[in-house]
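Enquirer: Each chain is listed here by its residues.
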Amino acid sequence: MRPAAAISYTHVTKNFDRVVAVDDVSLDIAEGEFVAIVGSSGSGKTTLLRLTNRLIEMDGGTISVEGEDIGAVDPVALRRRIGYVFQSGGLFPHLSVADNIGITPKLLGVPAPEITARVDELLELVRLDRGAHRDRLPEALSGGQRQRIGVARALAARPRIVLMDEPFGALDPLTRDALGEDFRELHRKLGLTTVMITHDMTEAILLADRIAVMRGGKLLAQGTPAELARSDDAYVLELLRTPRRQVERLNTLLPRGGGA
Amino acid sequence: MSLLTDPRWGEALAHLPDYLGNHVRVSLAALALGLVVSLPLAILTRNRPAPRGVLLALASIVQTVPGLALLALFYPLLLAAASVTLAWFGVSFSAFGFLPAMLALALYSMLPVLRNGITGLNGIDPALLEAAKGVGMTPRQSLLMVELPLALPVMMAGVRTAAVWVIGTATLSTPIGQTSLGNYIFAGLQTQNWVFVLFGCFASALLALAVDQLLGLIEGGLRDRSRLRTALGGLGLAALVAATLVPSMGRSSSRYVVGAKTFAEQYVLSALMRDRLEAADLSATTRSGLGSSVIFEALKAGDIDLYVDYSGTLWANQLHRTDIKPRAELLSELKTALAKDNITVLGELGFENAYALVMPRKRAEALGIHSIADLAARASTMSIAGDYEFFSRPEWAALQQAYGLSFRAQRQMQPDFMYAAVASGEVDVVAGYTSDGLIAKYDLVTLDDPRHAIPPYDAILLLAPKRAGDERLQAALKPLLGKIDITTMREANLRASGNDANSSPDAVAKWLWGKMGKQ
Chain A
1 MRPAAAISYT HVTKNFDRVV AVDDVSLDIA EGEFVAIVGS SGSGKTTLLR
51 LTNRLIEMDG GTISVEGEDI GAVDPVALRR RIGYVFQSGG LFPHLSVADN
101 IGITPKLLGV PAPEITARVD ELLELVRLDR GAHRDRLPEA LSGGQRQRIG
151 VARALAARPR IVLMDEPFGA LDPLTRDALG EDFRELHRKL GLTTVMITHD
201 MTEAILLADR IAVMRGGKLL AQGTPAELAR SDDAYVLELL RTPRRQVERL
251 NTLLPRGGGA
Chain B
1 MSLLTDPRWG EALAHLPDYL GNHVRVSLAA LALGLVVSLP LAILTRNRPA
51 PRGVLLALAS IVQTVPGLAL LALFYPLLLA AASVTLAWFG VSFSAFGFLP
101 AMLALALYSM LPVLRNGITG LNGIDPALLE AAKGVGMTPR QSLLMVELPL
151 ALPVMMAGVR TAAVWVIGTA TLSTPIGQTS LGNYIFAGLQ TQNWVFVLFG
201 CFASALLALA VDQLLGLIEG GLRDRSRLRT ALGGLGLAAL VAATLVPSMG
251 RSSSRYVVGA KTFAEQYVLS ALMRDRLEAA DLSATTRSGL GSSVIFEALK
301 AGDIDLYVDY SGTLWANQLH RTDIKPRAEL LSELKTALAK DNITVLGELG
351 FENAYALVMP RKRAEALGIH SIADLAARAS TMSIAGDYEF FSRPEWAALQ
401 QAYGLSFRAQ RQMQPDFMYA AVASGEVDVV AGYTSDGLIA KYDLVTLDDP
451 RHAIPPYDAI LLLAPKRAGD ERLQAALKPL LGKIDITTMR EANLRASGND
501 ANSSPDAVAK WLWGKMGKQ
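Sequence order for the protein chains is A and B. When you number the first sequence by the UniProt record's numbering, it's gap-free, plus one each residue, and the end is 260. When you number the second sequence by the UniProt record's numbering, it's gap-free, plus one each residue, and the end is 519.
Do not rely on the hints blindly, as some may be mistaken.
[Unchecked claim] Computed beta-carbon distance windows for the label pairs:
(1) Val37/B x Glu181/A: 39 to 47 Å
(2) Lys218/A x Ala32/B: 38 to 46 Å
(3) Asp129/A x Arg48/B: 44 to 52 Å
(4) Pro51/B x Pro111/A: 37 to 45 Å
(5) Glu31/A x Arg48/B: 41 to 49 Å
(6) Pro93/A x Pro49/B: 22 to 30 Å
(7) Asp172/A x Leu232/B: 38 to 46 Å
(8) Val37/B x Gly191/A: 49 to 57 Å
[Unchecked claim] Short, incomplete list of chain A residues facing chain B, as computed with Cβ under 10 Å:
(9) Asn53
(10) Val73
(11) Leu108
(12) Val110
(13) Arg134
(14) Leu137
(15) Leu141
(16) Gly143
(17) Tyr235
It should be emphasised that the hints constitute simulated quantities derived from the structure, not laboratory data. Don't be surprised by glycine CBs; every beta carbon is placed ideally from N, CA and C.
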């Protein structure tokens, strides 16, 4: 057992109209850890994430965040202190980039000049040119830029925990790679605890410290990539085979040193 | 004389500040009220399908009620409400003009605002609603910062539709006493003044078009997030409202309001009375095109100060009497009855405007028809036309009973078109008015009423309760009493039914006064 769990799921259950979406899941996420939850669609991974900041309410079990039972915390206050990166950005189309990024500090009542300074700092942090992007509307940005804004918005109120719902799924491979690396770096630099949802085992292995595999609402296995490789679950092993096969094929198709 | 140089354009233009100002005022108030009621309803029911369905169904039903009927319904409704508040709280309000018009129009404006409001709010991407929740917004913040701004362009489109509907329908508020651009249309239709009809149509169409374009500019600005276009549209709208309201606000409101019903004779007489009051230095204005029952209630409530009615009409409609009395007896009984409501019968003008059955002279002679009794024998093969109220009036029932009248068909018509219709053989008989000049023009004949089924219809000048002791007013009107004989009134009515520059009510009223002076 790790000493300080940032997020702790204990026997968490959630049903949608008698369909069990999350089935008795228990999982501890340590402070500073980067955990990826991997599973196909319908595995319950997104539901588990949404339960964490009470976007939806669970039917059984408990979740505690930084030691507090979230059932006893005001959900609005809870959401303001947890960063959340939405699947395709979830940016408000009628607000400028700066207003999108500054929304949570604004809700928290941070004075306007402070928000302005914070927005500039965040634009720099997510490697966007502030002169070029600050006052634009989201529709004028590329998918990758929008997702960078989404990350900046999640970080604006200086959360210690960030939840990410398939943040890089809809991006082209190059952008996706760059953004993943950049975020991993931010996670380290800011000392965040990150939970990321993905269906892509390769992405999970490359970015996360630890991987949790879900299927049919159940947590099948969890551990470092190396620990997972020792699992005896057929599905987990199958998930791990895909990136390995890709690597082997890449090695034959693309001779080492080529293109570097 | 060419249409373009017709002096009636100038006359129409002179009324514009008053008519347009009032039109904009009532439309604006109705739209504001409609928005204030509909928007919260749209917001409250956005996540509740059941009440939302009921609300939309109700609004749709309102929309199917013809505008004129909806406006007309609000008058008795408010009248009843006013008497209830008077009985319970000792306060009353005017059920005439602005209030019923505004309420009916506000109700009319609700459907597009509700429908677009609900559509706009429900059409928001659920992912954005979750994002709003996820960044830490309360439901209220989500509504104000995300849902309403995103739904605004769709909502504005609804407001735009509502505005056009309200501006168009407001022209129908004239009969319940609200001055509007409809005054041109109603007056023009009644007195065959097509210049007025055209002017009224153009003015209201232009107003609707201008408002539609400006709201469209705002809508587009909101949709494309262009502050410039939104601001331009807003400024244009504010300028339009200011330009139409300010000129009419500067005018001192007239002290005396002269009422007129919906036919040419009434327009002429109200203009005549207004001229007399002004000649005596009493500021006066006319409120014309009022429905028959609206005008009497308006007088009783003091919303208008004076108007001319006909003894037989009041006898039947207000006293609900079905018996017929000789002229003088009926008049004196009527005076006593009206005195109970504190209404003063100042006196008779001198002529009678009775209902009469009318047919072409040649046809009547050929068929040997001189009286209604003669007609009754042939009625079953004939058709009859009357004005919109005739066939539901007690006089018609009395006629049918007294003579055993039964026609093959009966039709309702605009009064001024009836005579042409009977002259051309479109119908066989019409229920016309004895004072109408068109009877002579078309060579028609009025049939005798040997059984006296139709009561006498002396034109009498009525004063509102609050004017009972107003000696200056009464002195100014006295010269009119007993001075207008049937021949003069017929000629005046014939002039008013013409379609030329001398046929406007104002011009005919001046001619009538000149004629009376020579007698």
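Enquirer: All hints, please: hold or fail.
Expert: Outcome of the hint check:
no., hint, in the structure
1, Val37/B x Glu181/A: 39 to 47 Å, "violated (56 Å)"
2, Lys218/A x Ala32/B: 38 to 46 Å, "violated (58 Å)"
3, Asp129/A x Arg48/B: 44 to 52 Å, "holds (46 Å)"
4, Pro51/B x Pro111/A: 37 to 45 Å, "holds (42 Å)"
5, Glu31/A x Arg48/B: 41 to 49 Å, "holds (43 Å)"
6, Pro93/A x Pro49/B: 22 to 30 Å, "holds (26 Å)"
7, Asp172/A x Leu232/B: 38 to 46 Å, "holds (41 Å)"
8, Val37/B x Gly191/A: 49 to 57 Å, "holds (54 Å)"
9, Asn53, "holds (7 Å)"
10, Val73, "violated (12 Å)"
11, Leu108, "holds (8 Å)"
12, Val110, "violated (12 Å)"
13, Arg134, "violated (16 Å)"
14, Leu137, "holds (7 Å)"
15, Leu141, "violated (15 Å)"
16, Gly143, "violated (15 Å)"
17, Tyr235, "violated (29 Å)"
In terms of the numbered hints stated before, the structure departs from hints 1, 2, 10, 12, 13, 15, 16, 17, listed from lowest to highest.
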